[in-house]
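2 protein chains.
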Amino acid sequence: MSGGLDSATCLALARREGYSCFALSFDYGQRHKVELAAAARVAQALGAERHMVAKIGLDAFGGSALTSAIEVPKGRSAGDMGHGIPITYVPARNTIFLSFALAWAEVLECSDIFIGVNALDYSGYPDCRPEFIEAFERLANLATRAGVEGTTHVKIHTPLLHLTKAGIVQLGHELGLEFGLTFSCYDPGPGDRPCGQCDACLLRRKGFEEAGIADR
Amino acid sequence: MSGGLDSATCLALARREGYSCFALSFDYGQRHKVELAAAARVAQALGAERHMVAKIGLDAFGGSALTSAIEVPKGRSAGDMGHGIPITYVPARNTIFLSFALAWAEVLECSDIFIGVNALDYSGYPDCRPEFIEAFERLANLATRAGVEGTTHVKIHTPLLHLTKAGIVQLGHELGLEFGLTFSCYDPGPGDRPCGQCDACLLRRKGFEEAGIADR
Numbered sequence: 011m012s013g014g015l016d017s018a019t020c021l022a023l024a025r026r027e028g029y030s031c032f033a034l035s036f037d038y039g040q041r042h043k044v045e046l047a048a049a050a051r052v053a054q055a056l057g058a059e060r061h062m063v064a065k066i067g068l069d070a071f072g073g074s075a076l077t078s079a080i081e082v083p084k085g086r087s088a089g090d091m092g093h094g095i096p097i098t099y100v101p102a103r104n105t106i107f108l109s110f111a112l113a114w115a116e117v118l119e120c121s122d123i124f125i126g127v128n129a130l131d132y133s134g135y136p137d138c139r140p141e142f143i144e145a146f147e148r149l150a151n152l153a154t155r156a157g158v159e160g161t162t163h164v165k166i167h168t169p170l171l172h173l174t175k176a177g178i179v180q181l182g183h184e185l186g187l188e189f190g191l192t193f194s195c196y197d198p199g200p201g202d203r204p205c206g207q208c209d210a211c212l213l214r215r216k217g218f219e220e221a222g223i224a225d226r
Numbered sequence: 011m012s013g014g015l016d017s018a019t020c021l022a023l024a025r026r027e028g029y030s031c032f033a034l035s036f037d038y039g040q041r042h043k044v045e046l047a048a049a050a051r052v053a054q055a056l057g058a059e060r061h062m063v064a065k066i067g068l069d070a071f072g073g074s075a076l077t078s079a080i081e082v083p084k085g086r087s088a089g090d091m092g093h094g095i096p097i098t099y100v101p102a103r104n105t106i107f108l109s110f111a112l113a114w115a116e117v118l119e120c121s122d123i124f125i126g127v128n129a130l131d132y133s134g135y136p137d138c139r140p141e142f143i144e145a146f147e148r149l150a151n152l153a154t155r156a157g158v159e160g161t162t163h164v165k166i167h168t169p170l171l172h173l174t175k176a177g178i179v180q181l182g183h184e185l186g187l188e189f190g191l192t193f194s195c196y197d198p199g200p201g202d203r204p205c206g207q208c209d210a211c212l213l214r215r216k217g218f219e220e221a222g223i224a225d226r
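If you're matching them up, the sequences are chains A and B in order. Quick note on the numbering used here: the first sequence kicks off at 11 and runs consecutively. Quick note on the numbering used here: the second sequence kicks off at 11 and runs consecutively.
Calculated from the structure, these hints are not laboratory results. Each hint should be verified, as a subset may be incorrect.
Pairs count within a copy or across copies, as identical chains cannot be separated in the list.
[Unchecked claim] Under the rule of at most 25 Å between Cα atoms (straight-line distance), these lysine to any residue pairs were calculated in the SDA-like manner:
hint: 1; residue 1: Lys216; residue 2: Pro96
hint: 2; residue 1: Lys165; residue 2: Gly94
hint: 3; residue 1: Lys84; residue 2: Arg155
hint: 4; residue 1: Lys165; residue 2: Gly72
Work out the full structure: start from the sequences and follow the hints.
See below:
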């Protein structure tokens, strides 16, 4: 759970479906570490059983504007976002995040993992695609104790995968999500104010506009 | 690279095949953290370009004798080891380790990942099986920039997968590996002496005995 719009909506949905939820966030050297405070707020507001923040130093590897001194691109058009993989892509990030989720799920004896990835209004990350998620689910069922013993089938739930950002805003709204608790910006300024110009800010704004809902 | 027999032999083999090697170890809350010193010795002796130790707190999840207060089993017979998944299994460990390796490989623009897993004389871990490795390789080629752009094919090399422990000892011997640099014990005693009774110690002893080579 990043503390952004998508993961918060995903948690709200899982809660409405009756799941007891264990929320997992990552302190991975991201420049927008303020999102972890948002994640904690959302987890508490939505009644997660626990919220764990795993500390993993992905910044040691470099290679992304989110974890290094590379500048976060600003003011990109929807057309720009639709082409290529941006420099904010963090190498293998969702593979790592899902691996940790799998580890915790195995310890908790949970078989349902939710992740708020989205393949439509997204930034072009390879590890948000349906085929990536399917391959991870297949792996998960070979990687673990349950996979060998044939007891539990691990399911990776991606309820937002095929929604537009506006659709996610609408869904969150229907679920009664307090959007003010969430935080989306990749490159917050002084006082942790959203920059308004990075892909995450622009996609968020577009989503709320298209949904006709105010983003407080 | 754990600093044990298998990963050291794996590195020696990759070096002999002419690869420039970037060695990755994990400080994951293991009780046998002394293995990291062995990993550093081996990486240096075998001429790795770099040796990185990624710190990831798997002990926060619990669920294994290697990362928690659960006792490490001692004196198990080969028959015991052949049945079931032992309590030293760390949930999703190799999935996590390979995910980090994938991240670093992507940043380095490497397409070859070596891992010293072994499916024969092993402790019964689900994430050492050939089908797990195949599923990870498939995932790796969907998870990354290269996977989307179709440029590079990531290959997971497992040269030890079908060797016996004695076969690994023989291979390491042929490659001129200094076995004295390596460390295998799960539960070292005072002065970091190998316990001699955990699965790792017993498998190591058996391997050297069967190979007819002295373990210094």
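Quick one: Lys165 to Gly72, C-alpha cut-off 25 Å, is that within a copy, between copies, both, or neither? So Lys165 and Gly72 pass the 25 Å test across copies only (22 Å; inside, 31 Å).
Tell me, please, which holds for Lys216 and Pro96 at an alpha-carbon limit of 25 Å: within, between, both or neither? Close inside one copy (19 Å), not across copies (51 Å); limit 25 Å.
Under a CA distance limit of 25 Å, which applies to Lys165 and Gly94: within one copy, between copies, both, or neither? So Lys165 and Gly94 pass the 25 Å test across copies only (23 Å; inside, 29 Å).
Pop the pair Lys84 and Arg155 into one bin, within, between, both or neither, using alpha-carbon distances up to 25 Å. between (45 Å within a copy, 21 Å between copies)
The structure is consistent with each of the numbered hints, conforming to all of them.
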